[in-house]
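Q: If you want the building blocks of each chain, they are given just below.
2 protein chains.
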Amino acid sequence: MVELRFNPGDYVQLKLAQFRELEGTALESHDKSIVLLKLRSGYNIGIPKENILGSKILKKFKDEKREYKLPSGKGKPKIGMIITGGTIAAKLDSKTGGVHWLTDTAEFAKFYPKLFEKVDVKKIEVPFMMASENMSYNEWAKIAESVEKMLNDKDIKGVIITHGTDTLHYTAAALSFFLRNLNKPVVLTYSQRSIDRASSDAELNLQCAVEMALSDCAEVVLVGHASMDDDHCHALIGTKTKKMHTSRRDAFKSVNIGPLAKVWKDNVEFLEERRPRNDEKVELDTNFSDKIALVKFYPGQDPDILDYYKDKGYKGIIIEATGLGHVASSESKNSWVIKIKKLIKEGVIVCAVAQTIYGRLNPKVYSLGRELEETGVIFLEDMLAETAFVKLGWVLGHRTWKGKEKEKMLENFAREFNELLKE
Amino acid sequence: MVELRFNPGDYVQLKLAQFRELEGTALESHDKSIVLLKLRSGYNIGIPKENILGSKILKKFKDEKREYKLPSGKGKPKIGMIITGGTIAAKLDSKTGGVHWLTDTAEFAKFYPKLFEKVDVKKIEVPFMMASENMSYNEWAKIAESVEKMLNDKDIKGVIITHGTDTLHYTAAALSFFLRNLNKPVVLTYSQRSIDRASSDAELNLQCAVEMALSDCAEVVLVGHASMDDDHCHALIGTKTKKMHTSRRDAFKSVNIGPLAKVWKDNVEFLEERRPRNDEKVELDTNFSDKIALVKFYPGQDPDILDYYKDKGYKGIIIEATGLGHVASSESKNSWVIKIKKLIKEGVIVCAVAQTIYGRLNPKVYSLGRELEETGVIFLEDMLAETAFVKLGWVLGHRTWKGKEKEKMLENFAREFNELLKE
Numbered sequence: 001m002v003e004l005r006f007n008p009g010d011y012v013q014l015k016l017a018q019f020r021e022l023e024g025t026a027l028e029s030h031d032k033s034i035v036l037l038k039l040r041s042g043y044n045i046g047i048p049k050e051n052i053l054g055s056k057i058l059k060k061f062k063d064e065k066r067e068y069k070l071p072s073g074k075g076k077p078k079i080g081m082i083i084t085g086g087t088i089a090a091k092l093d094s095k096t097g098g099v100h101w102l103t104d105t106a107e108f109a110k111f112y113p114k115l116f117e118k119v120d121v122k123k124i125e126v127p128f129m130m131a132s133e134n135m136s137y138n139e140w141a142k143i144a145e146s147v148e149k150m151l152n153d154k155d156i157k158g159v160i161i162t163h164g165t166d167t168l169h170y171t172a173a174a175l176s177f178f179l180r181n182l183n184k185p186v187v188l189t190y191s192q193r194s195i196d197r198a199s200s201d202a203e204l205n206l207q208c209a210v211e212m213a214l215s216d217c218a219e220v221v222l223v224g225h226a227s228m229d230d231d232h233c234h235a236l237i238g239t240k241t242k243k244m245h246t247s248r249r250d251a252f253k254s255v256n257i258g259p260l261a262k263v264w265k266d267n268v269e270f271l272e273e274r275r276p277r278n279d280e281k282v283e284l285d286t287n288f289s290d291k292i293a294l295v296k297f298y299p300g301q302d303p304d305i306l307d308y309y310k311d312k313g314y315k316g317i318i319i320e321a322t323g324l325g326h327v328a329s330s331e332s333k334n335s336w337v338i339k340i341k342k343l344i345k346e347g348v349i350v351c352a353v354a355q356t357i358y359g360r361l362n363p364k365v366y367s368l369g370r371e372l373e374e375t376g377v378i379f380l381e382d383m384l385a386e387t388a389f390v391k392l393g394w395v396l397g398h399r400t401w402k403g404k405e406k407e408k409m410l411e412n413f414a415r416e417f418n419e420l421l422k423e
Numbered sequence: 001m002v003e004l005r006f007n008p009g010d011y012v013q014l015k016l017a018q019f020r021e022l023e024g025t026a027l028e029s030h031d032k033s034i035v036l037l038k039l040r041s042g043y044n045i046g047i048p049k050e051n052i053l054g055s056k057i058l059k060k061f062k063d064e065k066r067e068y069k070l071p072s073g074k075g076k077p078k079i080g081m082i083i084t085g086g087t088i089a090a091k092l093d094s095k096t097g098g099v100h101w102l103t104d105t106a107e108f109a110k111f112y113p114k115l116f117e118k119v120d121v122k123k124i125e126v127p128f129m130m131a132s133e134n135m136s137y138n139e140w141a142k143i144a145e146s147v148e149k150m151l152n153d154k155d156i157k158g159v160i161i162t163h164g165t166d167t168l169h170y171t172a173a174a175l176s177f178f179l180r181n182l183n184k185p186v187v188l189t190y191s192q193r194s195i196d197r198a199s200s201d202a203e204l205n206l207q208c209a210v211e212m213a214l215s216d217c218a219e220v221v222l223v224g225h226a227s228m229d230d231d232h233c234h235a236l237i238g239t240k241t242k243k244m245h246t247s248r249r250d251a252f253k254s255v256n257i258g259p260l261a262k263v264w265k266d267n268v269e270f271l272e273e274r275r276p277r278n279d280e281k282v283e284l285d286t287n288f289s290d291k292i293a294l295v296k297f298y299p300g301q302d303p304d305i306l307d308y309y310k311d312k313g314y315k316g317i318i319i320e321a322t323g324l325g326h327v328a329s330s331e332s333k334n335s336w337v338i339k340i341k342k343l344i345k346e347g348v349i350v351c352a353v354a355q356t357i358y359g360r361l362n363p364k365v366y367s368l369g370r371e372l373e374e375t376g377v378i379f380l381e382d383m384l385a386e387t388a389f390v391k392l393g394w395v396l397g398h399r400t401w402k403g404k405e406k407e408k409m410l411e412n413f414a415r416e417f418n419e420l421l422k423e
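Line by line, the protein sequences are chains A and B.
Quick note: the first sequence uses the working numbering, first residue 1, plus one each step.
Quick note: the second sequence uses the working numbering, first residue 1, plus one each step.
In short, the hints are calculated from the structure, not lab data.
Computed from a prediction, not measured in an experiment: that's the story for all the values here.
Accuracy of the hints is not assured; some may be wrong.
Heads up, the list lumps identical chains together, so a pair's fine if it works in one copy or across two of them.
30 Å max Cα-Cα, derived DSS-like pairs, lysine-lysine [said to hold, decoys possible]:
#	residue 1	residue 2
1	Lys345	Lys310
2	Lys310	Lys296
3	Lys341	Lys312
4	Lys142	Lys154
5	Lys315	Lys291
6	Lys114	Lys262
7	Lys364	Lys91
8	Lys253	Lys364
9	Lys142	Lys310
10	Lys333	Lys296
11	Lys149	Lys123
12	Lys91	Lys333
13	Lys15	Lys364
14	Lys291	Lys333
15	Lys32	Lys364
16	Lys341	Lys91
17	Lys408	Lys345
Make the full structure from the sequences, and use the hints.
A: Structure below.
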């Protein structure tokens, strides 16, 4: 057996039988007879040492954390930053093959030096580190609390939040409702591919996020790749955006309205009207009731699911209806209309959104739509399901709005309705 | 008060005070002091007769049903046709303002004369007339039975099915699985705007459907507007298509693969590989278990919903997961992973699809994905949620496939997986 002269963390090339070669990062292995390798694809593979004919170190592991010093912020515009986990704040732990969070400012700065060259990150907060699929209301409120303090700090020009992608659009909607009288840009950004990978979108997204955070607007936006090219980003309206692809760098798309702005590393071009930067004091309004559900209607579905929520004390339900706003009618043996009527009489707030994602509801076109409308369902126009879910929790969280739920659900608080929809 | 000289069904113009005018179809009104008018927008409006200063008939009502004779089919290619309701088979009942179904062949032919000029509709079946939001498994099976008979009739070149749009993509998926050894085109078509309206898409869709039904392929497809223009259609693969807009004429889009063909009124250009027309005997396989559910995962959602289905005897669940195939992990206080693990141990088949709609799942990228994979969840690659739901019911409906559910869910029966996905 050959002697292998590399250590965990090194990026190595192994020679195997039949002229085959493998490249990857060597990981710590508990079984000393096995070399554990993390391949570029993300897979870990174990190779018995006896099958390895030779090895070469392509890149020696360095603990880069210790080597980096934050550049001076003197004379640069100041921003606030909130780091919450997700791929953009994760790197491969070269020793274990797992994820290592970049919670340390210096380490974050090492990965994204250009960010710190351009601005003075006056304040970095790390309220928690979490993959976004594990987040919910509590995390949205914590982020909003941190943002509010930064926005009301006169020195800070704007706020950047790094976040996982899976539920980023829910967080964007939540911040849009929780932060009233917005005065500066609140920019959520992310990456779909980690910074370890050649195809990473993190660097461009963050640089464009900085540009957006310094721009003349007071909106909650998502900033990320505009296309599959690594050329420029879009800033998308927080309440009108949905993750529309599992893996592409331009996974986020705005729905029923265009992007708010095109963003380059050194320029912002606004494409839609925006609320301008102003001197108002931002108010935090994180009232929320989590007794809400989101239900997608589908053929043959038993409407008893609605009773299930009612019986568990749920106060509001968003239904992803078909077409222009339909569910199984009173003629159907699985009538949703009859069940919904009952729930509304019992005090549950029931709203409809479009499961087609794009387009606007119109219950008046067909008699089945009119029948559903007569039950008292609130048709949420062209609002996204995810935004509607967050908004319903927020509206129901306000005790003083009791009896005004419909009016509040239909009030345009944070661009959740596009009044100007052209089709 | 002026005398009003029009009858229910007439399209009229009313003169009101202040030089205002209203146009619409006069409806039968029970209150003799009110003129009831159906406006172009679809709204009904009641106007007290005393406010009407004058009237003009723009188009006299004719009971057109009696006037039309089916043209001879002699020498024309033969097709089969199934009419099931939906906007394409509905017209305004000029007397009541409600919907009138075009179940009568002669009447259907009157609205769509070009269809009957080109082909000999050898057989028309009307298994039921229903808005698609009321359909479910029973209707899918009935349609499949009618289609199977037509496909095994040597004279018939292809089958056209007219259908409502709301759940058309579910029916398309169901037919794709229910009809084995397909030998000819099975073409679903629809309209988003009724034939009464100037912007109706029905005429082009039907003519292109005919062209597709005569083409050299053996696939279940949806044929409808390719864009907002009234120019040509796309034929979309039955298992890869979703309604993506509430009202646009090009509401249906294929997902993770391009259209199968561009279709004009007199030509078909195939864009993807297709199964060619052949002489096999089509077999009907409508086995189905309706103890299946489709659940969209969202932030903070209580995983007890999974127990609800388990307790009701459900055998399979499709979860619309976030991102590359994630749910709240074992670290979350609302852990879905732990609950799913329990359900799978108890014998429930749990599958994951992408709630982003576009893209392919890959549970191996992140540790939270790998954790979910270890529970035994079946990750359905790039399959649509709606298709996955129908397929799960179909797979579970086969008793002899017991124990092979995973293998069958991952077998590519009807193009539900795109093996060639490029990103």
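Q: Indicate, hint by hint, whether the structure satisfies it.
A: Quick rundown of the hints versus the structure:
no. : hint              : result
1   : Lys345 <-> Lys310 : both (12 Å within a copy, 29 Å between copies)
2   : Lys310 <-> Lys296 : both (16 Å within a copy, 18 Å between copies)
3   : Lys341 <-> Lys312 : both (18 Å within a copy, 23 Å between copies)
4   : Lys142 <-> Lys154 : within (21 Å within a copy, 68 Å between copies)
5   : Lys315 <-> Lys291 : both (6 Å within a copy, 27 Å between copies)
6   : Lys114 <-> Lys262 : within (20 Å within a copy, 47 Å between copies)
7   : Lys364 <-> Lys91  : between (52 Å within a copy, 16 Å between copies)
8   : Lys253 <-> Lys364 : both (29 Å within a copy, 25 Å between copies)
9   : Lys142 <-> Lys310 : within (29 Å within a copy, 35 Å between copies)
10  : Lys333 <-> Lys296 : both (18 Å within a copy, 24 Å between copies)
11  : Lys149 <-> Lys123 : within (10 Å within a copy, 72 Å between copies)
12  : Lys91 <-> Lys333  : between (53 Å within a copy, 25 Å between copies)
13  : Lys15 <-> Lys364  : between (69 Å within a copy, 25 Å between copies)
14  : Lys291 <-> Lys333 : both (28 Å within a copy, 16 Å between copies)
15  : Lys32 <-> Lys364  : between (71 Å within a copy, 25 Å between copies)
16  : Lys341 <-> Lys91  : between (51 Å within a copy, 28 Å between copies)
17  : Lys408 <-> Lys345 : within (19 Å within a copy, 44 Å between copies)
Of the hints listed earlier, there is not a single one the structure fails to meet.
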